[in-house]
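For this one, chain A is given, so just place chain B with the ligands on it according to the hints.
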Amino acid sequence: MTELANIRNFSIVAHIDHGKSTLADRLIQETGTVAGRDMKEQLLDSMDIERERGITIKANTVRIDYKADDGQDYVLNLIDTPGHVDFAYEVSRSMRAVEGSLLVVDSTQGVEAQTLANVYHAIEADHDLVPVLNKIDLPASDCDRVAEQIEDVIGIDASGAIQVSAKTGQGIHETLEAIVKELPAPTGTRDAPLKAMLVDSWYDAYLGVIVLVRIMDGVLKKGERIKMLSNNSTHHVDRIGVFRPEMEVIDELGPGDIGFLTASIKQVRDTRVGDTITHEKKGTEDALPGFKPAQPVVFCGLFPVDSSEFEDLRDAIDKLALNDASFSFEMETSAALGFGFRCGFLGLLHLEVIRDRIEREYNIELITTAPSVVYHIHMRDGTMTELHNPADMPDLTHVDHLEEPRIKATILVPDEYLGDVLKLCQDRRGVQMDLTYAGSRAMAVYDLPLNEVVFDFYDRLKSVTKGYASFDYQMTGYETDNLVKMSVLVNDEPVDALSMMVHRDRAEARGRAMVEKLKDLIPRHMFKIPIQAAIGGKVIARETLSAMRKDVTAKCYGGDASRKRKLLDKQKKGKKKMRQFGKVDIPQEAFISALKMDS
Amino acid sequence: MDDWRNGGFGLYVHWPFCQAKCPYCDFNSHVTANIDQKIWVRAYLRELERIAQEVPGRVLNSIFFGGGTPSLMHPDTVAAVIEAARSHWPFANDIEITLEANPGSVEAGRFAGYRDGGVNRISMGIQALNDGDLRRLGRIHSVAEARSAFDVARDCFKRVSFDLIYARQGQTLEAWRQELSEALSMAIDHLSLYQLTIEDGTAFGDRYARGKLRNLPTEDTSADMYLVTQEVTAAHGMPGYEISNHARPGAESLHNLVYWRYGDYVGIGPGAHGRLTLNGIRYATECHLAPGAWLDAVSKGNGESLRSALTSQDAAVEQLMMGMRLSQGLNMARFESLSGNRIDSNRLSHLQELGMVTVSGTTLAATDQGRAVLNAVLRELLMD
Ligand SMILES: Nc1nc2c(ncn2[C@@H]2O[C@H](COP(=O)(O)OP(=O)(O)OP(=O)(O)O)[C@@H](O)[C@H]2O)c(=O)[nH]1
Ligand SMILES: C[S@@+](CC[C@H](N)C(=O)[O-])C[C@H]1O[C@@H](n2cnc3c(N)ncnc32)[C@H](O)[C@@H]1O
Ligand code: SF4
Ligand SMILES: [Mg+2]
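Chains A and B supply the protein sequences, listed in that same order.
Take 1 as the starting number for the first sequence in my numbering and just add one per residue.
Take 1 as the starting number for the second sequence in my numbering and just add one per residue.
Just chain A, with the same shape it has in the complex:
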């Protein structure tokens, strides 16, 4: 049992790639939590996809022991969080479980959009921040400038910012001391009824559902019966422990502790993050405020390339959803693509991650349809329905009006690219809400329709600013606009998986871009193929893919028969990967690429 005064709970937050996970490595190493030989870079990023992409997707908790300069032993619970905007939800809930955070800022880059977003989360959680300037080993590091920026843009005192290199280990000791001295100890009462926050939960093949908890009051022990306040379900606790970062079983968790429990819970869905856990008997009635659930904002269809793999896909999606409450799905049928699933994600990176995992861990090739957002359809009879899939757009005669989701986007960018950024936002129907400068950087705040951002806004932003802009957004609400469904016809047949919702004023431009793209993406056939974009029955753009004229092997003698047969087999396989619409084969990548805009 550790005295509350000797516990410190904190998260590490930062803009993507500013070095959170590397800093966590050094803290783990410096305190001897993990033996040197077991150490590796970004130790906590344990998922394959995290290691491959070099980013953190899932927040991770570690308990470390630290003997401070004051001679006392402390227990530090550290939560490394993801930097990417799609997973901002992980940051905000992690902050609820701790009393303070290290705000890491890359001293070669300065304050970025997610740095700001993290600060807002911290303010919301009423939460102390210790600024840490990282990467001081790099020649481009400029601590004075960045400290000044932190004060100007964020408005927090950066005079005590710790200068660190998470790479070389410089400043790590000072960081540990600052955690102990500057962050508050948790509060709580040992004798009070158990009150624990369900911070996160995930599925483990051996242990079932693992629940990450933060004890607010009381004590939790193995063998006790607990109750979830949200639904009064009760469970028998069969194991409790902490992460170091491997699981270590311990006897009890007391106030201020962060650890895990297992209780033979079968599905992640049976647990609700933000819930309050107490004892079945003599528990508390007083629930914690809870978390706002993470809402999927981007939807797309996932279809197996080989339609016989539909059941395998169902299986894969079921398993992934077990572990990821923020990912939603329902079955979908498309005239074009057959059976599949309409899935909801937190953002495009989340979409990519799930898609990659299905393709690689479950070995199923997928066709991904264009991402779409959730529209609100207000019907003439006064009812409202959500539209997750443009193909489901009801008959217009029953529709009164449509609303689309909007976001508040914050973009930080060096001055010289500001013009391009403003133009991009304007092109995407953005309304400027704020524009301020800090040093040579501008901060633009825009009200934008989410559907203009969802697809390739971030790619475009990166390309017009050579990677120097950073971007963060929050959903703000729904607004009415003049939206229409644009359908695409290939060889006079509508291709449902290519239909999309667009703003009426932008329909012609989108339609034109779309048919031109498709003309490049669809291989030539033995006949010419008209490709059209239409609103209702009205064609708004048209291209014709001319017929293939030459595709024949010039020399084919006795030695070529085997080779030729094998080639044909390969081509037949390639053809199988395309989808047939009437007589036309459309390659799978067309479903996504056709929607990328060049402006």
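Treat the hints with caution; some may be incorrect.
As the list claims (entries may be wrong) - Each pair of labels, with its calculated beta carbon distance range:
{"id": "1", "chain 1": "B", "residue 1": "E336", "chain 2": "A", "residue 2": "D427", "range": "58 to 68 Å"}
{"id": "2", "chain 1": "A", "residue 1": "D381", "chain 2": "B", "residue 2": "T358", "range": "53 to 63 Å"}
{"id": "3", "chain 1": "A", "residue 1": "D306", "chain 2": "B", "residue 2": "E336", "range": "27 to 37 Å"}
{"id": "4", "chain 1": "A", "residue 1": "E52", "chain 2": "B", "residue 2": "S360", "range": "56 to 66 Å"}
Since the hints were derived computationally from the structure, they do not count as laboratory data.
All values derive from a computational prediction rather than experimental measurement.
A virtual CB, placed ideally from N, CA and C, is assigned to each residue, including glycine.
Same frame as chain A, now just chain B with the ligands:
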């Protein structure tokens, strides 16, 4: 009746050496200084003996010496192989014995010797009728040398064909029309006209991959060139009887017809392929590719590196793939009896509507237009 009898029986002999390697060529050819032809004769004869035991008594319709550059073979080498073949199999009365020749003066000196050894047809690789293009194709002969070699050949042989490669870098439709009419005025009764193919693993293939092989005709131009070639040769009385081969009626290459009609053929020499029907099963054979490895294997008793039984479905596909190259087309009944399936009638009528194929009775043939996109037609016909 065994299916191969629809196509006849031929012998292919591969000679894997050339004086220089052409940058577009992916044939199994090597440039080697010292070749002991006696060793090669022994090896060819051993292989013939081995195969003859497996398929005894068949009537041989053709022999083809291909390469590489078979016109580097000593006339005695060629004669010995022909003699051995004659001792194993009865020759058909009209047996065609072709030798592929490069149009250099040295080769021309051996033509009479080949004739005396039994060769009765020459196929000469002239490739282009202007010196600039010959150089760009990496050829080591000039147009003048080619023409005089051709003259020597026509003095020695009744049947002489030659090859041209077109759709070359920088070639226009007009330039090709010109060259083609020049070629037709030289031609006797047979011509092979190949569109340049950029093959992987050749110097042209590398250059192409690096974007350094410029000015190749566009798909439209090469399609036009192909169609013009069909029209002009037909008007001249030498219509295309196969994708790239043109002849006066009756002067078609019998040997190549064995391939396209999907007969049986023995393949000997490095890298040579064969198709042999044994006990009703069609086998694909393949010999060791490297000349040394082949010689070694032969000395140990067998030059083959691979012999695999084709399923009747594979055989049906090969028969269709080869037969559709011929302008006379093929008999669908044969495909059906091999594969046990009919060709999907919806696909057939779709292709007919597009003007790609014609069907009369059980004969299926590609039109000129269809042959220009034969790969797509085959994909459509064979898609399951
Ligand atoms: N030179 C130098 N490189 C560093 C330092 N800290 C981190 N890096 C590098 O910066 C990159 C990103 O580091 P991470 O620790 O993965 O960053 P992160 O903030 O956890 O990233 P996300 O989890 O994706 O938001 C890696 O290539 C690190 O090796 C540092 O102090 N010096
Ligand atoms: C076995 S090859 C060569 C015969 C002989 N050695 C010669 O070069 O004259 C037969 C013919 O195939 C043709 N050929 C070879 N490579 C080709 C290519 N890449 N594209 C088109 N035709 C080719 C040439 O016309 C050549 O004459
Ligand atoms: S084209 Fe003929 S001469 Fe040239 S390398 Fe090929 S086989 Fe030899
Ligand atoms: Mg990280």
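Comparing the hints with the structure gives:
1. Distance hint check: the CB atoms of E336 of chain B and D427 of chain A are about 60 Å apart, consistent with the given range 58 to 68 Å.
2. Between D381 of chain A and T358 of chain B the Cβ separation comes to about 60 Å, which falls inside the hinted range of 53 to 63 Å.
3. At about 29 Å, the beta-carbon gap between D306 of chain A and E336 of chain B stays in the expected band of 27 to 37 Å.
4. Roughly 59 Å separates the CB atoms of E52 of chain A and S360 of chain B, a value that falls within the hinted 56 to 66 Å.
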